[in-house]
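J.: Sequence:
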Amino acid sequence: MRHILCIFISCLVAFSFSACSSQGCVNDSTGAIAAYKSFIASLQACAAASHTTNKACDKRKIWDMLDSQTKSQFLDAYAALVKIDRIIETYFDPIEHQYMRTKTGTNLLKDANINSYEALFEYVFHPEALIFNANTESGVECESSNTLNDNVVNIQIHYNGQVFTMIRESDQVWRTSGLLNYVNVALDPIFASESAMTEYAKGNLADEMTRRSKVRQYFLDELDRRKKQNEQANP
-3 MRHILCIFIS CLVAFSFSAC SSQGCVNDST GAIAAYKSFI ASLQACAAAS
47 HTTNKACDKR KIWDMLDSQT KSQFLDAYAA LVKIDRIIET YFDPIEHQYM
97 RTKTGTNLLK DANINSYEAL FEYVFHPEAL IFNANTESGV ECESSNTLND
147 NVVNIQIHYN GQVFTMIRES DQVWRTSGLL NYVNVALDPI FASESAMTEY
197 AKGNLADEMT RRSKVRQYFL DELDRRKKQN EQANP
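Using our numbering, you'd call the opening residue of the sequence shown number -3 and step up by one each time.
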């Protein structure tokens, strides 16, 4: 299997946008537009920091701006990596462990010190791949907004009519689910690997249960044979 983790945010801003003129988003009664602009500004700051020697991108700040559904994908992906690693431990010979871990990507749990789903996000997110220039900044500007309800606002940006959904969560903080599709694409190889390994484990588990059943039946038959021998010897 190819390397399973790849950058995902770069596809958001690595395009060359055509300059557009627009009045932008003016009405922001909910605060969703301000939250979106703050998110873009944080990405821009991360991109700038990643190209300097004295500063580092605050990935935790970006993480905190993602909505719960997006974060849950990283939770599920991290759990999948742990599950795959356990299957390798259980069903493969020790001599095969390193090869299988490299093949499935679970070697990253140790090699990259990924011990939580937040750590998985920090590994996947590559701010140095973000490109911000005049065209980019024009492309990510808010063109219009549509308030679905008090807690959900769709923000359409200049680029290709793309829509970023902003969600006000239970703590009253606006967060974005606009990267969910990109996250799904980036993490899909992990889930595909989990599915394949689970099927492998099922087949091997079935074989093991069959083997154990045969062994158990052998001992039951042997006990029954010895019992009959004793009864014949001691009528």
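Honestly, I wouldn't trust all of these hints.
Stated by the list, open to error - List of simulated lysine to aspartate or glutamate pairs, EDC-like, C-alpha gap at most 16 angstroms: (1) K33 to D184; (2) K33 to E139; (3) K67 to E139; (4) K57 to E118; (5) K67 to E137.
What the hints assert, rightly or not - Now the in silico label distances, taken between C-beta atoms and shown as ranges: (6) L176 to V78: 21 to 31 angstroms; (7) A45 to Q65: 20 to 30 angstroms; (8) K106 to A130: 20 to 30 angstroms; (9) Y87 to A130: 53 to 63 angstroms.
Just so you know, these hints were derived from the structure itself, not from any lab. If you're wondering where the values come from, they're calculated on a predicted model, not measured in any experiment. Don't be surprised by glycine CBs; every beta carbon is placed ideally from N, CA and C.
J.: Each hint: holds or not?
T.: These are the hints, each one checked on the structure:
no., hint, result
1, K33 to D184, "28 angstroms, violated"
2, K33 to E139, "12 angstroms, holds"
3, K67 to E139, "27 angstroms, violated"
4, K57 to E118, "11 angstroms, holds"
5, K67 to E137, "24 angstroms, violated"
6, L176 to V78: 21 to 31 angstroms, "22 angstroms, holds"
7, A45 to Q65: 20 to 30 angstroms, "27 angstroms, holds"
8, K106 to A130: 20 to 30 angstroms, "43 angstroms, violated"
9, Y87 to A130: 53 to 63 angstroms, "54 angstroms, holds"
Hint compliance for this structure: hints 1, 3, 5, 8 are not met, and every other hint is.
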